[in-house]
Each structure stands twice: as C-alpha cells, then as structure tokens.
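Undergrad: Each chain, written out:
There are 2 protein chains.
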Amino acid sequence: MAHRVVIIGGGFGGLYAARALRGADVELTLVDRRNFHLFQPLLYQVATGELSPADVAFPLRAVLSSQRNARVLLSEVTDIDPVSREIFLDDAPPLGYDTLIVATGAKNHYFGNDQWAEYAPGLKSLEEATRIRHRILYAFEAAEKEPDADKRRAWLTFVVVGAGPTGVELAGALGEIANDTLRCDFRSINPEESRILLLDGSDRVLSPFLPTLSNSAEKSLIKLGVRAMLNVKVTGVDRYGVRVNSAAGEARIEARTVLWAAGVSAADFTRTLSNRTGAEIDRGGRVKVDAFCNVPGRPEIFVIGDACVFIGPDGKPLPGVAPTAMQQGAYAAKAIRKRLKGEAIEPFRYLDKGSLAVIGRASAVAQFFEGKFHFSGLFAWLLWLFVHLMYLVTFQNRLIVFIRWGFNYTTMNRGARLITGAIDKDVKPEDAISTEEHAEVRST
Amino acid sequence: MAHRVVIIGGGFGGLYAARALRGADVELTLVDRRNFHLFQPLLYQVATGELSPADVAFPLRAVLSSQRNARVLLSEVTDIDPVSREIFLDDAPPLGYDTLIVATGAKNHYFGNDQWAEYAPGLKSLEEATRIRHRILYAFEAAEKEPDADKRRAWLTFVVVGAGPTGVELAGALGEIANDTLRCDFRSINPEESRILLLDGSDRVLSPFLPTLSNSAEKSLIKLGVRAMLNVKVTGVDRYGVRVNSAAGEARIEARTVLWAAGVSAADFTRTLSNRTGAEIDRGGRVKVDAFCNVPGRPEIFVIGDACVFIGPDGKPLPGVAPTAMQQGAYAAKAIRKRLKGEAIEPFRYLDKGSLAVIGRASAVAQFFEGKFHFSGLFAWLLWLFVHLMYLVTFQNRLIVFIRWGFNYTTMNRGARLITGAIDKDVKPEDAISTEEHAEVRST
Numbered sequence: 407m408a409h410r411v412v413i414i415g416g417g418f419g420g421l422y423a424a425r426a427l428r429g430a431d432v433e434l435t436l437v438d439r440r441n442f443h444l445f446q447p448l449l450y451q452v453a454t455g456e457l458s459p460a461d462v463a464f465p466l467r468a469v470l471s472s473q474r475n476a477r478v479l480l481s482e483v484t485d486i487d488p489v490s491r492e493i494f495l496d497d498a499p500p501l502g503y504d505t506l507i508v509a510t511g512a513k514n515h516y517f518g519n520d521q522w523a524e525y526a527p528g529l530k531s532l533e534e535a536t537r538i539r540h541r542i543l544y545a546f547e548a549a550e551k552e553p554d555a556d557k558r559r560a561w562l563t564f565v566v567v568g569a570g571p572t573g574v575e576l577a578g579a580l581g582e583i584a585n586d587t588l589r590c591d592f593r594s595i596n597p598e599e600s601r602i603l604l605l606d607g608s609d610r611v612l613s614p615f616l617p618t619l620s621n622s623a624e625k626s627l628i629k630l631g632v633r634a635m636l637n638v639k640v641t642g643v644d645r646y647g648v649r650v651n652s653a654a655g656e657a658r659i660e661a662r663t664v665l666w667a668a669g670v671s672a673a674d675f676t677r678t679l680s681n682r683t684g685a686e687i688d689r690g691g692r693v694k695v696d697a698f699c700n701v702p703g704r705p706e707i708f709v710i711g712d713a714c715v716f717i718g719p720d721g722k723p724l725p726g727v728a729p730t731a732m733q734q735g736a737y738a739a740k741a742i743r744k745r746l747k748g749e750a751i752e753p754f755r756y757l758d759k760g761s762l763a764v765i766g767r768a769s770a771v772a773q774f775f776e777g778k779f780h781f782s783g784l785f786a787w788l789l790w791l792f793v794h795l796m797y798l799v800t801f802q803n804r805l806i807v808f809i810r811w812g813f814n815y816t817t818m819n820r821g822a823r824l825i826t827g828a829i830d831k832d833v834k835p836e837d838a839i840s841t842e843e844h845a846e847v848r849s850t
Numbered sequence: 407m408a409h410r411v412v413i414i415g416g417g418f419g420g421l422y423a424a425r426a427l428r429g430a431d432v433e434l435t436l437v438d439r440r441n442f443h444l445f446q447p448l449l450y451q452v453a454t455g456e457l458s459p460a461d462v463a464f465p466l467r468a469v470l471s472s473q474r475n476a477r478v479l480l481s482e483v484t485d486i487d488p489v490s491r492e493i494f495l496d497d498a499p500p501l502g503y504d505t506l507i508v509a510t511g512a513k514n515h516y517f518g519n520d521q522w523a524e525y526a527p528g529l530k531s532l533e534e535a536t537r538i539r540h541r542i543l544y545a546f547e548a549a550e551k552e553p554d555a556d557k558r559r560a561w562l563t564f565v566v567v568g569a570g571p572t573g574v575e576l577a578g579a580l581g582e583i584a585n586d587t588l589r590c591d592f593r594s595i596n597p598e599e600s601r602i603l604l605l606d607g608s609d610r611v612l613s614p615f616l617p618t619l620s621n622s623a624e625k626s627l628i629k630l631g632v633r634a635m636l637n638v639k640v641t642g643v644d645r646y647g648v649r650v651n652s653a654a655g656e657a658r659i660e661a662r663t664v665l666w667a668a669g670v671s672a673a674d675f676t677r678t679l680s681n682r683t684g685a686e687i688d689r690g691g692r693v694k695v696d697a698f699c700n701v702p703g704r705p706e707i708f709v710i711g712d713a714c715v716f717i718g719p720d721g722k723p724l725p726g727v728a729p730t731a732m733q734q735g736a737y738a739a740k741a742i743r744k745r746l747k748g749e750a751i752e753p754f755r756y757l758d759k760g761s762l763a764v765i766g767r768a769s770a771v772a773q774f775f776e777g778k779f780h781f782s783g784l785f786a787w788l789l790w791l792f793v794h795l796m797y798l799v800t801f802q803n804r805l806i807v808f809i810r811w812g813f814n815y816t817t818m819n820r821g822a823r824l825i826t827g828a829i830d831k832d833v834k835p836e837d838a839i840s841t842e843e844h845a846e847v848r849s850t
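Taken in sequence, the protein lines are chains A and B.
Per the numbering used here, the very first residue in the first sequence carries number 407; after that it's consecutive.
Per the numbering used here, the very first residue in the second sequence carries number 407; after that it's consecutive.
Since the hints were derived computationally from the structure, they do not count as laboratory data.
Across the chosen pairs, the derived CB separations fall in these ranges: (1) B:D758 <-> A:E660: 54 to 60 Å; (2) A:S594 <-> B:P725: 38 to 44 Å; (3) A:E656 <-> B:P553: 57 to 63 Å.
List time: in silico EDC-like cross-link candidates among lysine to aspartate or glutamate, alpha-carbon distance up to 20 Å: (4) B:K551 <-> A:E492; (5) A:K551 <-> B:E433; (6) B:K639 <-> B:E660; (7) A:K551 <-> B:E482.
Backbone N, C-alpha and C fix where the C-beta goes; we use that ideal spot for every residue, glycine too.
Starting from the given sequences, assemble the full structure and let the hints guide the process.
TA: Structure (structure tokens):
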C-alpha cells in the first residue's frame, strides 16, 4: 500500500504541497471545506468591485484533476487521533494518514472582541469579500437617499482598521471608488466628499516596510483622499461607528462602514491539534513547529503557512505571507519524498524574495534583499501587477484579470460593483428609515 | 418643471426605456431593488459555472452615469397612488410621477405550490443562479463521499422541470458538466453515470419552436446524456425527489437536485397596481394593457415586458422574451417624447426577430419569419453566440465572456465552478451523514 498523505487545506501551503507531490509514490488526499483555492492577495479587489469571485478562485478538482495520485475531498476536519493516525470529518468516514500536512490557514482576529466581527468584517473568504463589497456600495446608495446631513455623513465615512498591506490596499481602493469610479454616478451626493480613515496603533502605515516606504505610501494615500490616523487604538465597534483611544484621549467616529484589517490568527483546527498532540501554540493559535516544520517529536505531522509559527535564523518568526506558505508546502512535499527513499532531510530554509504592497493606480512600494534595495511609484506598481498575474493559477484567469485591469485602468469603471447577497436581511431593515419615520413622510 | 418620468425596474424593458429617453426634456428616475441590470439570457451559464456573476450583470449607475436627465434609486416600490400620481418606497420618501413605466418583470411560478421553491429553485436572480451552481456541484461532492449506492444514485440524479428554452439550456449544460467538465475530477464516482431528466407536460421539448426543431433538439439532448420525459406532470417535490404523473400512472424519482424552469408569473407589484387602478390582470399576474402598452384609461401608466400581457394582431399574447420587453421599453420612451410635443401616438407593433435556443456545444436551433426559415446545429449555435455577445451591455463584458467561452470550448473546463455561499446552512447539515451514523463510523 502506498504511503498515505493527507493535506488539510487547499490554500497556498496545501496546494503547493499537493502539486509538489505529483508523480510521487503516495496516495494523496487533499481535504478542504471549500471546493476552490482562493488567491488571497487579490481578494481586496473582489471586495472593491474590481474583480469577480471566479477571477481569484480556482476549483481544486480542476487544478489536481490530472494528478492521478491525488484526490480531493470536500469536508470539514473536526478532530484528530495522532495515535491511530487518523483525522475525523464532519460528514464522511475518518481518514487514516501516514503523513499529515496541516495547512489550515488563518482567520480574522479581533483580539478578544469577537462581537465586533458583525460590524467590522474582515477579508479572509470570498463571502466576506462580497459582503464588504455590498457594504461599501450600499453605503453610497443609502447616502443618496438620506435627507439628514449627519446621517449622510456617517454613511459616507469609511473606517479601515489596520494599516498593514491589506488595510492600505482597501483604503486606497476606497479612495479610488469615491474619487473616480462613482464620481458621476449620483445626483444628490458627491462621492468625493467621503471620508476614508485608516487607523493603526503604530506610528506609520505599512510598518513591516522601511520607514521611507511608509512615508511615500502615506503620501500616495493622501492624494487618494485617505487620512491615516496613527497611534490610535480601537476600543469599540458598533453598527454606527468606532470608539478610538489616542494620546489626545477618547473619541468617537460615526461611520456606517468599518472594515477590519488589523490581524489574523490561526484557524481553529490548530487548537484541536495542540490538545491532542501537546504541541505548543502561540497567542494567535499558531503551532510552534521545529526546524523541519514538524510538530516537535512528530515527524509525520507538518504544520505550514499561517497555521504555524516558524522561528527564522534571526530569532524572529517568518512573516505570514503567501511565499512562506508556498515554500513550506514545497518543502514538506520534498521531505516526504526523501523520507520514502530513506534520505536525510535538511531543515527548512526560508528564502525572502522581497515584499510588495500596492496603494492604488500606478502606486506601490517594493523592497528586496532585506531592505537593501527598495523603490516606490509606477515601477513598483508594474512589478506588483506582473508578480500577481504570474502567480494566478491558470492562464485563463491571468488573461481575464489582465483585461479587467486594463479596462479599470483606462475607464476607472469597476465592472464587478454588484450589490449581491441578501440585501434585505443583511443591511437594509436596520438601516432603512424606520417605519414610523416612513409613515410620517407619507402622511405629509 | 420638467416632465417627471419614473421607471420601476432596470431589466430589459426599463433599461431600454431609460436609454431611449436620453436627451429628452424629462426628469427621469429609475427605481430598482438591485443596483445592476441582469442579462437574464446568460444566467443559466452562471448557474452552471461557465460565467461569473459580474459577466452578466451591469451596474445601473454606470450604464446611466453619463445620461444627465436620469437618476437611479436603489429601493423597493411598495405601493402606488394613481390619483396623486406617486409611488411609495420601502426606505425613501414617496416619488411623484407624470408618466410611470412599470417594468417589474417576472418571478418563478410554482402553480400554487410555493413550498416547492425551497427544493426546486428557479433561475431568475443572480443569487438563485449561484444557489443552483452550489447545488449542482455539491451533489457530485456528496456522491463522492456517499458509501450507500442508492443514496449515491439520488445525488447523481438531476431533474429539470420544464423543457422550454431555459430548461433545455440547463439540462444541456448539466450533460456537459457530467460528461466533459468533471470527467476526470473524481476518484470514487464516475460523473458520466449521472442521470439527467428533463420533464415536461407537453409532448415535445421547446414547444414554442417548430416540431422539426424540437426533434433535433431532443436528439442533441440524448447525445449529452439527457433523457426527456414528456407528457408528465409534476405532482410533488421534496428534498429527496419528485413525484410525477403520466399515462403510465404515478411514479417517484429519487433526485437530490431538482431545478425549476416550468413557468414564471409577473412580479408582485402588478397586483398592487391592479388593486389601485382596477387594471385587469391574467392568472400569471400580468396586467392586460391596451394597444399603447397603457393601463386602459390611464395613458400616463405604461406596463411593459413580463409585467404585462399584450395581445398581438393574431389574437395571441406576445412571448415573454427579452426582445418584447426591449421593444416595448423603446416604444414607451418614444410615446412620451411624442406626447410632450403634442404629436399623435401609433399603437405598439411587435417585430418578431426570430427565436434561438441553445442546447450545448455547437448545438442550437433557430427559426425566423414566423418559422418560414429555420435551421439547427453549428450555424445556429454560432448565431446564438454572436447575438448574445452583441446584446451584452458593455464592451468589457463582451470581451470577457468571449474569452471565457473560448476557454470553455477548448478545455471543457468551467472556471467559475465555485461552491460559494452558506455551504453550512444551505445544504450540508440536512444532507450530511447524521451525527449518529457518524458516531457509529467513528466507533468502529
């Protein structure tokens, strides 16, 4: 019987591991709750109406259909028994493994305030992206209908919490929507009057980047009408706004649209894994793996990507980005191949390929070789476009995304700005003029 | 003050009316519940994973953004007062009109069995399309996991109720999914073993077409693995299948996926309109309009498209298709312009441009000049492709749909086959192996 490899999660880590096992003498099962791989780095463009869900998602079965040693199972993993070496699924019989790769990724993290999730959605899934799109677009629609100036202002105030790459991308795209996309679309309101606030607890935006790049990013944001509010801490979020704390004291911002880009933690399965194996996890639920990306003492269990914390040679954890997950996935696959041949395995080594972050049209920052080489502006933006296009999984998607970008760039229109989903249940009833008010209006 | 025109509904009728009023000396408001125009004829391709929602939907504001006399209001119309000439909205102040165009379209019609809607979704909205996509794709996933042969067979049985153009399109696409798209994607099941049943009460498929075209359509369907069951009446639908009645008596078909393409009726607003104005409606809720598409006796209210029934010169009602709505929309706009100038208005005349229906790859039927000229096969299919591409609202969508079709045709892959939405709430819990069964499996 062939060596049974089970991979949990079809994100960057899991998918790259599966593909790197092509042709290996293993029996591979990739388990995921969803039937597609999601290209997270472009998810914010779905949220801002630039791309469509199918542009950034790839059916896992299609990606692995020609890989004869692989099968895909659409299921949710509920538990693990590391002694009998099997995982339990919510709607299918248990699955035995000889090697397990845990690549369960991350979820939004509200630092103990999970009740904020309802009012400040994060950006981790396709559903959340379309929900955010719904909220952003509906806010302008509601403002167009709102006779009260204060309420209108709250509808036109957008708060993005967290000024890392995702927060900067979202805020920049919001600036473009307000200033370019919707400029001529309304009759009562002027979308350019929107306020877009980017909040962060640190003293600069894009803090993982060099200070000089943070500065140029902030300048680009200002041009897009985004105001960065730094050194502030969010202390409350509700349907009508956020409460913030800064050196100037406590303050409240009335805003009907609050987006969360402040942090992620590992998805829940790592806690179960920790309970069953005794593996240590950090505060974000990430499993502390050894130099081989294994649960210490369990060479048959790899934990990779956002599900793990891997301490680099400099003593700092590796960044929670796609390249880390891809490299760890490919590494785990290689380790399995070597073990099957009885060869020795080298510890995992992370190759820092550099970092990119986009702010808006023709505006991005880039740094390479641990910051020794860096630049911003048009060239960084073109590089960003190129890199993201190349990493899209299929040629079809590369072509379609390229075309959409071309149109968006030249017409500033965002073709995918659809308000879909349960419009009635989601936002409308609570946000509409109340029935009494309506009756009043009507009776006049 | 300019003449106030209010259009309810941004479908083919409403949008064509709005665009035909470009430059007219009117103050135009287009009210719609959704912020986009939906290109219904390609909606089945969203349901079958060939296209993405944004490919067939166009933001209304973008379409009308350069038309300075027009504004768009995202709202739901709840009532009308034909005396004071105003309509009431669910979340905004009432709207007065001098001329009203009711273009509220159609909804699924279950012939008095609305409880079937839950088990047999129809295909009228983007949400329904993604829900149907979810169901179709999830059925194969569930079959892959199902150890019981009978249950697996029920997951792999697809019933389409109604063999008009929409039913034939859906059944044909299902045949292609089972035979081509998913052929190599699964390991436990063989998608080619799926049964696809197309049910209709009449004695042939595509009954609005010539009998010879119905025959060739049925032959094409058989090649795709679709079995047409004719002269049968559906007498029951539940989560596990349908009950049918035919000359052979009562029978039950176990099927976990049932799709409804058997009929539409006018959306609810026409009943309100009828109550308030005394306008007559037919059994499908369609307003019986006069020769000018007006509510009889109310020249200031037009009812067009699927919201109305218009008796043609042959004494038969016009077909409920997009060209009827477009022509009536353009006619209403022209009538308004003429009235403003004090000119006489000609009655509406419908121009039959012919009919097309697609079955699958390189397979369609076409008839023109009231059936005097007709053909089927590759050329009809190419014509269908061309016509549908040309009627897409924007050039960007034409290009993207063209590319997707090109890839689908050459690779038979359907890039948009994503299972999105509330997978947990929608299908899974009831359909999953029950907890007891699971516990049993586990304890062995």
